[in-house]
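Protein chains in written order, with the working numbering: chain A, 1198 to 1522; chain B, 12 to 352; chain C, 18 to 338; chain D, 433 to 755.
If you are wondering where the hints come from, they were derived from the structure by calculation, not from laboratory data.
Treat each hint with caution, since some may be false.
What the hints assert, rightly or not - Calculated Cβ distances over 12 Å to all of chain D for the following chain C residues: (1) 28; (2) 105; (3) 258.
What the hints assert, rightly or not - Chain A is faced by these chain B residues, among others (derived, beta-carbon under 8 Å): (4) 222; (5) 242; (6) 248; (7) 288; (8) 291; (9) 292.
Computed from a prediction, not measured in an experiment: that's the story for all the values here.
Cβ coordinates follow ideal geometry from the N, Cα and C atoms, glycine included.
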Amino acid sequence: MTEPVLAVEDLHVWFDLEQGGELHAVQGVSLALQTGERFGFVGESGCGKTTTILALMGLLPSSASVAGRVLLEGEDILADGEESVSPHRWTDIAMVFQGAMNAFNPVKRVGEQIAEPMKLHEIAEGRTARRQVGELLERVGIPAARASSYPHEFSGGMRQRAAIAMALACKPKVLLADEPTTALDVMVQAQILQLLIGLADDFGLTLVLVTHDLPIVAQVCSRAAVMYAGEIVEIGATDTLYHDPRHPYTRLLFAATPDLYDEEPVLSIPGTPPRLDRELVGCPFAPRCDRAFAPCDRVKPRLVATDTGHSAACHLNDPALKAAS
Amino acid sequence: MSEEGRPRSDDGRPPLLEVENLVARFAVPRGVVGAFRGRPKLAVRAVDGVSFIVREGELLALVGESGSGKTTTAQSILRLVKPEAGTIRFRGDDITGISGRELRALRRHVQLIFQDPYESLDPRFRVRATIEEPLLVHGEGGGKADRDRLVREALERAGLTPPELFLERYPHELSGGQRQRVAIAASLALSPELLVADEPVSMLDVSVRAGILSLLDELRRSGLGILMITHDLSTAAHFADRIAVMYLGRIVEEGPAREVVHNPRHPYTKALLSVVPQRDPRRQTQPEILRGETPNPVNIPPGCRFNPRCPIAIPECRTTDPDLRVPAGAKRGHQAACIRA
Amino acid sequence: MRGADYFLKRTLFALVTVFVAITLNFIIFRATPGDAVTGLRCQFCTVEFKDQLRAELGLDKSKWEQYVIYLQSLAEGDMGRSFVTREPVVDELIDPLLNTLPMIALGTAFSIVFGILSGVVAAWRRGTFLDWGNLSFSLLFYSLPTQWLGLMLLIVFAGTLPASGIADPFLAFTDPSWWDTFVDRLEHMILPAATIGIVLYGEYALIVRSSLMEALSEDYVLTARAKGLRNWAIVWRHAFRASLLPVATLIALSLGYLVAGAILVEAVFSYPGIGLVTYDAVTERDYPVLQGAFLILTLSVVFANYLADLLYFKLDPRVAE
Amino acid sequence: MSTIASGPGAAGAPTDPSDVPGGGRGRGGVVWSVLRSRPQAAIGGTVLVLTILVAVFAPLLAPYGPREKVGPPFAPPSSAYPLGLDDGGVDMLSLIIYGSRVSLVVGFAAAAVAMLIGGSVGILAGYFGGKTDITLMRVTDYFLVIPDVPLMIVIAAIWGRSLTNIIIIIGVIYWTGTARIIRAQVKSVRERVYVRRAQALGASDSRIIFRHVLPQVAPLLVANTVLTVAVAIFAETALAFLGLGDPSLISWGRLIENAFVSNAITVDAWWAIAPPGIAVAVVILACTMLGTAIEDALNPRLRVGHLSVRRFRLRPLPAKDPQ
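Go ahead and model the full structure; you've got the sequences and the hints to work with.
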């Protein structure tokens, strides 16, 4: 295996709470991404997926503290905090934000905002920059002449396309996309997803897609991580995750997602996720799990490789524990 | 959902809500200069001739993209928007033009469930007050004790048991799913006959959606008619008896859920179905992606409104505005508005 | 096209406001108990004089006729004559207005420049000691009664700067150079301008701070950070530009205050501007002058607001929608 | 609303109901909770309460009477008269204590008038929208553009200078800000789903206004009224300074005027000028601090900052639990 383009080792994020105390939003996330890979983060709201990818770019507010390493081609970009991460922003890792409606400054022209990072990172200036902006817009399906439009003159879908063009301005290696299609219509969603897949293939981009929508990950990504309560509970090929899940949460999450042609009953998962502002004991999913057994309340399962070639954090995969109960 | 419990035919059950040729428009402001220059008055034709029926014990899903007019249709039924033309009948009575007392009476029987459970409850009202409100507004429920009983019953019907656990709580003390259940309980307090649910689960986490949808399904079984507005075809396929697909203010295809999903007849429905992502990574569908976005409902194309984006359009489509009809070889009750279907 | 619409609407609004102000001006002054002449106070205000005035003002005619006459004479630039000096009101007002403008401009320029600067710094360094200190000072200045601040400055700078008037009366005898006259005028302007400037400074700094803080919480600021922009570039190139919108509106609205400030400040420093004329007219119950001054002050605020509307159009591309 | 979730709770994460402490946004506790949680508000509130107490118990607190000549004109501060004497030989401290009464009465009463007018206009315009809104807002805009102090001067000069007149004049002029802010808030509340739900339910407009809308805008109305108190006190000093105050009453504004007219400056009697101004400034400062603190607390936007000089911190990895 070649060296991963982006590796995360034991990433933790805490937020100071206004009323005192702190919230352990990301609790030891590790993963490695290969060049050109399309990887997905799935989970419900509050599971820490967005915080995780914001942490990769050091885009956390001042109330956050971070531990762990983020290795970009072997270099720890979080080693010196803001200082060490800022040179890599947009040139190596770029991002498409959730709700592109607000990702653009309403009082500046779209083209200007796409060209801004080019100028900043000394990639192109003046006429060259304008030409490149035009090319990028055409590539995402917007006429180059629209560069002089203001964001409010674009439809939702176009704004999202423009946000993608902006993310590609400095030819990054890794593209993070946070819920890029939420609030868009199905047809526009399909257009955007197709565009992202095409771009990842054409430019050899590593695409990290964050979404709460399992079918999107299933259709777009080859590998994915399922997050719950700030940790990865299962990670591996999307195919295996669907056909042979080794964590009850993954299985139940798929079962809760209606499918167009599958007529099996859709089931909800009872209970709510645990609060992250206090120490968790045992498996965080145990209270909602349909197969929890003796050790789950006390012992926290680690993320270990399973026989299917992926990893899950569940005691059910430990034959010794299972036998003992 | 299992096959059995669904009424597959539309016979026998009396119609609850009949909508015929409903039209709703909003004027587009043209400004001082525009008026001065004699610029034509424009209107958004949000709903442009929509007809459908919801029967007792039936869940009809109105599916469409934003701007298709599905929400305006729902609001017209509750008369939150004034329809410009067409008739709406509830239990056979024409309710299109009613006002005052009659309208208040109608609002007892037809209840709306909103999309956003984080916003649809007054943050200052305890659960009890929220569910009591409809009773107080309509002067129902008699004395305090009676109201208390009705509130508890509504909570239980909405699956919030035991009621004591929830009665004195504020919305911010509840999870999203619980809030949506409280909203549903409040709509049930007046024992309505028709529920209009506008995207009832799209703001909720996946893990609790099924619970809310199953609750609606139970209510349907108990005899309520439900009109569900949604953009999610998968949800509609699982929980609806019938699906009506809307495009630019018009229903372009309508029929039993299973038929519409498995044997779509209208090219728009086909395209829409083909782009719905599926859970199974191995089942890669060949998405038939339409170019561009839904056009502005101010400029509805002449002829078939779908023709500029239609992959199978023929010259005739540019002139003929097709009506809903049963295509050849289709099952009973399945209609599409396409001359090529 | 949409822009033309906006332009037309704002112009219409300004014109209607002018008309409303003129009418209000008429109504208020005719709604006096007794009539405008009754309360007149001056040495030579005998009963005969007052009756003569009444006839001159047409107070014996019907209100409607009076209104028409009022509008007609206003259209001809005639605001009547001062009760006290018997000079035309217009002549009484023009010179003072020309005296006031540079003084107010100096004070406003000071407050806008420093208010914006310190507001930006405070928002940017939000939550730091710098922000805290800035906030306290702005709040404090904002809370000081204008006339009182003027008096305090008078006490503090009593020996250093001229305390009243607009020019040194003895300077004229020395055949001053252009430069000497300029310096003299400036020296007389400093204290009143500083009083206005300090009070407005507090207000502007507070407005800029909160408006910028709001802009800094917008999502595009996060985008700008992700793009690798340095903090100052984000503040300057993205947030500041967007935050100028509410600031422009609020500054325009605070012009009403400027007028009030001018009256109080000119009274304190006996600065012969339109404010002092107003003050004197109030004391002497010289209604024609008061009426004229009120109209001019209102028109200047309406005009400034109109300019702000046009500026807003320049600043915000969305405004035409 | 910010759509990028960058902090805890930003995405409206479901919370475990059993863990959330009661109260919170329950019955109208916003103002109270702001007072408790923000030192700025607590200081402002305390100062205001103390000033009100001083005004109420003025006869008990003041060492001398408000018109009592106790020494030579402009006697400087001494142990007997900590703030010195004015031009009539009256004790400044006593004057300040008595003056608080009129200043506060004008401030609060005028603010109440403004709140009534502005609140009603704002609620009607915001709730009913359409033509009602356009008409009311036009009127508000005209009022907003016409310079306030000259208008007050003119009205006061013509209508006479009794306390009631002054209160009404100030109240009638300063309702515009409240009306605009309340209207904006009501407009947004009206679009809230729970209001639309109540409408769909068939609830009457008055029920919706009083049960849903008013409680929601009440804290903002309070904040605004507190800010208007400051403006009203300010206006009173301006009117009094221009000789348009009620001549029979002592207020802080009148004291400043009196010092100016009696040429306290030429005799360097700073003690006759400084104290009333400071008293005004302190009360205005208190109102501003309290008012803006409530406003800030109601504006969730100001709490998220994507940019800060302080950055996220790095910390060592937590120790692994032994397993």
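Beyond 12 Å on every Cβ pair: is that true for residue 258 (chain C) relative to chain D? 14 Å, holds
Take the shortest C-beta to C-beta distance between residue 291 (chain B) and chain A; is it under 8 Å? 6 Å, holds
Hold the hint about residue 292 (chain B) up to the distance rule: shortest CB distance to chain A must be less than 8 Å. Interface hint status for residue 292 (chain B): holds (4 Å vs cutoff 8 Å).
Evaluation of the interface hint that places residue 222 (chain B) against chain A, nearest CB under 8 Å: 4 Å, holds
Please check whether residue 242 (chain B) passes as an interface residue: C-beta within 8 Å of a C-beta belonging to chain A. Result: holds, 7 Å to nearest chain A Cβ.
May I ask you to check that residue 28 (chain C) keeps its beta-carbon over 12 Å from the closest beta-carbon of chain D? 14 Å, holds
With 8 Å as the cut and Cβ atoms as the points, is residue 248 (chain B) at the interface with chain A? Interface hint status for residue 248 (chain B): holds (5 Å vs cutoff 8 Å).
Hint check: 8 Å Cβ-Cβ cutoff, residue 288 (chain B) to chain A: Given a least distance of 4 Å, the restraint on residue 288 (chain B) holds.
Are all beta-carbon distances from residue 105 (chain C) to chain D longer than 12 Å? 20 Å, holds
This entry satisfies every hint, going by the numbered hints stated previously.
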